[in-house]
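Asks: Single-letter residue listing:
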Amino acid sequence: MVPEGWYMGLAAALFLIGALGILLRRNALVMFMCVELMLNAVNLTLVSAGRALNDLDGQVAVFFILVVAAAEVVVGLAIIVAIFRRRSTASVDELSDLKG
Amino acid sequence: MVEALLFVVMAIAALAGAVTVVVARNPIYSALGLLGTLFSVAVLYVIQLAHFVAAVQVIVYAGAVMTLFLFVIMLIGVDKSESTEENLPMQRIWVGVLAIVVILFTGGVTLAGNFEWVVPQPTATISGAPISEPVNGTIQAIAEPLFTGWVLAFEATALLLTIAAAGAIALAHFRRKGV
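From first to last, the protein sequence lines are chains C and Z.
In this text, residue positions in the first sequence follow my numbering: the first is 1, and each later residue adds one.
In this text, residue positions in the second sequence follow my numbering: the first is 1, and each later residue adds one.
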């Protein structure tokens with residue numbers, strides 16, 4: 001049996017890559033994909049910890065995170081499309097209207 | 001042994017997909033990299049006996065969410081002209097510092113615990129009699145806590161999904177004045 005520490009390490013690596021993507025990329029769509037990456041890393045930790053602790057609640061929590069992620073994607077992509085129709089750009093650097 | 005081999009292969013696939021998401025110029029390649037990561041993580045769920053979660057991962061994430069992403073990429077056009085220059089001063093340096101700190105912290109915690117991240121519950125007594133079965137995430141096993149202890153959260157997600165659907169429709173009906 002692979003120790004759950006390895007799964008935790010993999011999840012941490014995935015989370016870090018996702019966070020770096022959000023900080024480095026400017027395309028709103030790619031940033032959204034990086035958010036999905038980070039959510040997946042968290043799901044992996046929940047499943048691994050649930051197995052190590054012999055508890056099913058980890059997997060139930062993953063189910064709820066999946067639902068929240070799906071809702072977030074639906075609204076987020078709708079916002080991106082609405083912005084694109086008005087501005088013809090998906091770059092977050094262009095959206096600086098609220099800058100003081 | 002089989003688990004270790006599968007873990008290594010799928011971990012490499014997941015990391016390769018994740019790196020592709022971040023470095024690819026073309027958003028389509030980013031989407032495909034994310035798809036690879038999602039499938040690899042689904043296999044890791046199966047290894048850990050989380051069968052229901054793995055199925056939902058493939059159906060909802062790899063199926064529905066990625067299809068939605070590809071739809072939107074096609075809808076707004078593939079934009080490869082993302083500028084590479086950073087507008088925020090010091091952003092890149094701080095990102096590098098953050099990455100190094102996180103790597104050191106995670107590596108330290110993992111190595112200090114000798115890869116035992118949580119204290120495992122004993123699954124068998126010394127004489128070999130099992131105390132409890134290892135968790136097996138079948139639909140039936142997931143459904144019991146879902147509809148007993150977590151039922152309030154379950155109802156809340158129903159409300160959340162309704163709100164999300166209504167919000168998406170409201171945003172899709174957005175019209176410019178005079179058009």
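FYI, nobody ran anything at the bench for these hints, they're computed from the structure.
Ideal Cβ positions, reconstructed from N, Cα and C, are used throughout, including at glycine.
Be aware that a few hints might be false.
[Stated by the list, open to error] Among the chain Z residues that face chain C by a calculated CB cut under 8 Å, a handful are:
(1) Phe69
(2) Thr157
(3) Ala164
[Stated by the list, open to error] Simulated coverage check for chain C against chain Z, where a stretch passes if three residues somewhere in it have a Cβ under 8 Å from a Cβ of chain Z:
(4) 18 to 30
(5) 37 to 50
(6) 65 to 71
Asks: All hints, please: hold or fail.
Replies: Now the hints, each set against the structure:
For Z/Phe69, the shortest C-beta to C-beta distance to chain C is roughly 7 Å, which falls under 8 Å, so the interface hint holds. Taken as an interface hint, Z/Thr157 checks out: its beta carbon lies about 5 Å from the nearest beta carbon of chain C, inside 8 Å. Nearest Cβ of chain C to the Cβ of Z/Ala164: about 4 Å, under the 8 Å cut. The hint holds. Counting residues of the stretch 18 to 30 of chain C whose C-beta sits closer than 8 Å to any C-beta of chain Z gives 11, which meets the bar of three, so the coverage hint holds.
Closer than 8 Å: that is the beta-carbon criterion, and the stretch 37 to 50 of chain C has 8 residues meeting it against chain Z, so the requirement of 3 holds. Here the stretch 65 to 71 of chain C counts 6 residues with a CB under 8 Å from a CB of chain Z, which clears the bar of 3, and the coverage holds.
Checked against the numbered hints given earlier, the structure satisfies every one of them.
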